[in-house]
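Chains A and B, in that order, give the protein sequences.
Quick note: the first sequence uses our numbering, first residue 1, plus one each step.
Quick note: the second sequence uses our numbering, first residue 1, plus one each step.
Read the hints as simulated data drawn from the structure, not as lab findings.
Since this is a predicted model, take the numbers as computed values, not measurements.
Some hints could be false.
Stated by the list, open to error - Calculated pairs, DSS-like style, for lysine-lysine (alpha carbon to alpha carbon, straight line, at most 30 Å):
{"id": "1", "chain 1": "A", "residue 1": "Lys586", "chain 2": "B", "residue 2": "Lys3"}
{"id": "2", "chain 1": "B", "residue 1": "Lys73", "chain 2": "A", "residue 2": "Lys586"}
{"id": "3", "chain 1": "A", "residue 1": "Lys364", "chain 2": "A", "residue 2": "Lys104"}
{"id": "4", "chain 1": "A", "residue 1": "Lys281", "chain 2": "B", "residue 2": "Lys10"}
{"id": "5", "chain 1": "A", "residue 1": "Lys586", "chain 2": "B", "residue 2": "Lys10"}
{"id": "6", "chain 1": "A", "residue 1": "Lys263", "chain 2": "A", "residue 2": "Lys465"}
{"id": "7", "chain 1": "A", "residue 1": "Lys39", "chain 2": "B", "residue 2": "Lys3"}
{"id": "8", "chain 1": "A", "residue 1": "Lys263", "chain 2": "A", "residue 2": "Lys281"}
{"id": "9", "chain 1": "A", "residue 1": "Lys104", "chain 2": "B", "residue 2": "Lys10"}
{"id": "10", "chain 1": "A", "residue 1": "Lys518", "chain 2": "A", "residue 2": "Lys263"}
To be verified - One side only, chain B facing chain A, incomplete, derived with CB under 10 Å:
{"id": "11", "residue": "Leu19"}
{"id": "12", "residue": "Ala34"}
{"id": "13", "residue": "Pro42"}
{"id": "14", "residue": "Ser56"}
{"id": "15", "residue": "Ala58"}
{"id": "16", "residue": "Ile62"}
{"id": "17", "residue": "Ile64"}
{"id": "18", "residue": "Gln71"}
Cβ atoms here follow ideal geometry from the backbone N, Cα and C, with glycine treated the same way.
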Amino acid sequence: MIKGNFIDNLPKVYGIYTGGFIGFIILMAIGEQMGMSAKAIGICFVGFTIFIYALIGWLSRTAQASNYYVAGRTVPTVFNGMATAADWMSGASFVAMAGGIYFKGYGYMALLVGWTGGYVLVATLLAPYLRKFGCYTVPDFVGTRYGGNTARLMAVIVLTVASFTYVTAQINATGTIAAVALDIPFQYAVYVGLVSILLCSMLGGMRGVTWTQVAQYIVLIIAYLLPVFWISNNIGAGFFPHFMLADEVARIGELEQQFGFVKNSAADLATVPKGLAGITKAHSEVNATPWAFISLALAMMMGTASLPHVMMRFFTTPSVKAARKSVGWSVFFIFLLYSSAPMLATLSKLALIDPNLPTGIIGKSIAEVQAIDWYQNWNQANLMFVSDFNGNGTVELNEFFMGGKAVVLATPEIAGLPYVISGLVAAGGLAAAMSTADGLILAIANAISHDVYYKMVDPKAETAKRLVVARVLLVVIGFAGATIAAMEIQGILGSVIWAFDFAMSGLFWPLVLGVWWKRANKEGAIAGMVLGLVSGFAYLVWVRSGGSGFLGITQLTFGIFGSTVSLVAMVVVSLMTSEPSAATQKMVDDSRVPAGASVIGGQK
Amino acid sequence: MAKNAQHWEKTRGLLFVTLAIWAIFSMGIFLFGAEMNEVTGPFGYPLTYWFTCQGSLAIFVILIFWFAGRQEKIDEEFGFSEKGDD
Chain A
1 MIKGNFIDNL PKVYGIYTGG FIGFIILMAI GEQMGMSAKA IGICFVGFTI FIYALIGWLS
61 RTAQASNYYV AGRTVPTVFN GMATAADWMS GASFVAMAGG IYFKGYGYMA LLVGWTGGYV
121 LVATLLAPYL RKFGCYTVPD FVGTRYGGNT ARLMAVIVLT VASFTYVTAQ INATGTIAAV
181 ALDIPFQYAV YVGLVSILLC SMLGGMRGVT WTQVAQYIVL IIAYLLPVFW ISNNIGAGFF
241 PHFMLADEVA RIGELEQQFG FVKNSAADLA TVPKGLAGIT KAHSEVNATP WAFISLALAM
301 MMGTASLPHV MMRFFTTPSV KAARKSVGWS VFFIFLLYSS APMLATLSKL ALIDPNLPTG
361 IIGKSIAEVQ AIDWYQNWNQ ANLMFVSDFN GNGTVELNEF FMGGKAVVLA TPEIAGLPYV
421 ISGLVAAGGL AAAMSTADGL ILAIANAISH DVYYKMVDPK AETAKRLVVA RVLLVVIGFA
481 GATIAAMEIQ GILGSVIWAF DFAMSGLFWP LVLGVWWKRA NKEGAIAGMV LGLVSGFAYL
541 VWVRSGGSGF LGITQLTFGI FGSTVSLVAM VVVSLMTSEP SAATQKMVDD SRVPAGASVI
601 GGQK
Chain B
1 MAKNAQHWEK TRGLLFVTLA IWAIFSMGIF LFGAEMNEVT GPFGYPLTYW FTCQGSLAIF
61 VILIFWFAGR QEKIDEEFGF SEKGDD
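This is chain A alone, in the form it adopts within the complex (with noise of 0.2 Å):
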């Protein structure tokens, strides 16, 4: 079914698809007029879109190493720009960012500029020349570029290490949302999230993922622009968002002056429940140090150009050419959603806090509130609270507690929307946490059995035989990867951030030295990978257990510490062993040229 024109088919291919997707939700709209329960929805749209991606993944089964790696290069570049956006936002984008704006404000937003900015550096860096060497994995090109098993090995340390802090979020994050869905416990539908990032993977490897993945980036988009445009058409906010929200920001900064920000004395912040949080910081205003903006900026900048998952999608395109044009689509694609995350935060907010709207509950009566249909299930969700703490009868803005999730998944109940659009968000959540996680399991997996089981272990390995071991570790970290979340060891956000850190320690400098300095020989980058994660990890421990840092460097910037040390430990080792050989050299020479044959000879 997938073969040579398949490719040039592709935009009719998605174009039924994207129609069959939006009959599908009217289906489920008309549905729920007819009376179907608000439980069968959810199962259907997530059911549904599960079906779907399972199907894509049995049709893209492949025997062939180069589509199991790298989709046969042959990814045109709007459809990896679909499918890079896909793999980059995760559960953390869709359900927690627009609640990380709603609750921080202007610090927070370090990470919007930061999770694009990243991908300049991609453009002009590294995914072309990467493109050109012709490598499979992010290991493949140090091992290739440096020379040696252990340089080859340590890239692998560094992938895993990132890589996994990142996975166990998106599969905790499918698992939440499975078990609201399908209404089973979370120890369970971690699995069941599993089973189904699985099924997108299993068979065809990098091809399963890349076209399972343009599908979850239809289904993720619509799923968040299509309530934050009601939204604001139901509350009056305009009917394009994104223009036309300045009264509404100003008017937010009103009722914040005249609200003030009263602060709530510790015993009574001991009765909220855990996870929720009040409205502390201005909307609008800066609120945070220019460095600590900046630092936070730059982290995930270098994370982001450092993070193998993402620099492998660029290994799928037909040519050089191709690679760089598809970074700008990738952005464009991550554009639409994080440049909507701010006006839903917007609109949230300006309907649960102004008095003036049917919505705004700020001013009204405790028992009032706690009345209202929406606030009994997100309040029985452990996602809403409100307390009388002044004692005056009435909510005040500082009475007002909500979790981050409830911004993207309470609003459109609030804003009286029907339920088939709580069902289209359930579904577009879990398509950006599978997505997201099916590249990264992808990423590690193939790093282990291109790495070091073909590379190192056994080269003459058969095809048959790498792909059988490439299968079987995907499984295993999967697993692995599910064993964790299910202990639910740190928060959806603070994990993810953290896999910025340690990819920037670990392989920002020599990824990018390897194509920018020909003198970076072997010694240095290997010195640089290990230096670098030690120190990052160092520091992290360090102020996680109650050291002050310093330059203002926090848990969530550990990266820039362990990037410095690396780039130095790289560019000094490097200084004082000898040179590359005139091949590796030459290598380098070949990369910065974008026609001709790939560097590496027969990965084509």
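Could you slot chain B onto chain A? The hints should help.
Chain B only, in chain A's frame:
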């Protein structure tokens, strides 16, 4: 080899220009975040707020496409561009 060296020099020049623009809109302007926020930006949003929501993000999208176009021109000039597919 001289051709390669020239090509690389131009490529590096483009890199520096691109990274300079990137640094301004990802970090530089936020040095003056508080001051800039007093100004009204596009669509009536406070300026710094607008940059974090839309401005910087959109500039990155345009910047990458611009960079890709320029780099293709450089490659063509030296006859280094790939034939065929896109």
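Hints, one by one, checked against the model:
1. A:Lys586 to B:Lys3: 15 Å, holds
2. B:Lys73 to A:Lys586: Roughly 24 Å between the alpha carbons, so the hint for B:Lys73 and A:Lys586 holds.
3. A:Lys364 to A:Lys104: 25 Å, holds
4. A:Lys281 to B:Lys10: 47 Å, violated
5. A:Lys586 to B:Lys10: Given pair A:Lys586, B:Lys10 holds - Cα atoms ~19 Å apart, limit 30 Å.
6. A:Lys263 to A:Lys465: Answer violated: A:Lys263 to A:Lys465 is near 63 Å, above 30 Å.
7. A:Lys39 to B:Lys3: 66 Å, violated
8. A:Lys263 to A:Lys281: 11 Å, holds
9. A:Lys104 to B:Lys10: 43 Å, violated
10. A:Lys518 to A:Lys263: 56 Å, violated
11. Leu19: 7 Å, holds
12. Ala34: Because about 4 Å separates B:Ala34 from the closest Cβ in chain A, which is inside the 10 Å limit, the hint holds.
13. Pro42: B:Pro42 check passes; min Cβ-Cβ to chain A is 9 Å, inside 10 Å.
14. Ser56: Since the shortest Cβ distance to chain A is 5 Å, the answer is holds.
15. Ala58: 7 Å, holds
16. Ile62: 9 Å, holds
17. Ile64: Since chain A brings a Cβ to about 4 Å from B:Ile64, closer than 10 Å, the hint holds.
18. Gln71: 6 Å, holds
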